[in-house]
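S.K.: Single-letter residue listing:
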Amino acid sequence: MKKIVANLEVESLLKELHRLEVEFVIIGGMAAVAHGSAYLTSDLDLCYSRKKQNLQRLAEALAPFHPRLRGAPLDLPFALDTSALRSGSNFTLITDLGNLDLLAEVSGLGGYEAAFSSSEDVELYGMRCRVLTLEGLIRTKKAADRLKDRLLLPELEALLEIRKSQKKT
Amino acid sequence: MDKNEKLTPALKKAQEYGIDLTLLYERLSWTPTERIEKNLQMLDFAIELRKAGEKNRGQSRSREPAERTS
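Those sequence lines, one after another, are chains A and B. Numbered by numbering that gives the first Met the number 0, the letters in the first sequence go through residues 0 to 168 in order. Numbered by numbering that gives the first Met the number 0, the letters in the second sequence go through residues 0 to 69 in order.
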């Protein structure tokens, strides 16, 4: 059996979110990897819908995996329930299945609806998932403009170019 | 990558930047799920390497005082 030391179980996380019909878009490094980036990433970044029902579903889907605030003291009281999700917007979490970042807004795009418009259906682990497009990723990386974002841009632009040329043929 | 394929400006820029285009073409031959799984496997390997390096450095450091006094 494969020994997982990175402790990121993307499949299990996605399955539970999918089962409860949580509205989310995969963004960030994992979206880049899904599009073919060779960049290594150790967390899953999601942009989620702020609709009341979605917050309930999101809290329910993550509860079995004991989400805690990443980097916070272990004894800090925290429960990722609907109330916590409603009062915050971005959460950097550690769960039993690995690191998970929840974002209500994406740099350069906006909230969930905007992220959804810039996403596409991608089959992951047998599920249809919304993943930010390469164009969307490039836009967010340009807007965020941190060193790590700038470093990723040439590769994303190359992937976009390859995809365009493959569509032509 | 097809050797006959002409490099577009974006690909040329990426290559000059140090990006190995063969890695991208290889990944594009995989499914998105396979790309994520390979990323996780590589990540596991990187973490194991880091742990081994830290352990090795720790052992080197713990040997240092003895080496200095001898």
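Hints listed in this document are in silico derivations from the structure and should not be mistaken for laboratory results. Take these hints with a grain of salt, some might be off.
Below, simulated DSS-like cross-link-like pairs (lysine-lysine); rule was C-alpha separation at most 27 Å, straight line [to be verified]:
#1 A:166 to B:50
#2 A:14 to A:51
#3 A:163 to B:12
S.K.: Confirm or reject each hint.
M.R.: Hints versus structure:
{"no.": "1", "hint": "A:166 to B:50", "in the structure": "43 Å, violated"}
{"no.": "2", "hint": "A:14 to A:51", "in the structure": "21 Å, holds"}
{"no.": "3", "hint": "A:163 to B:12", "in the structure": "16 Å, holds"}
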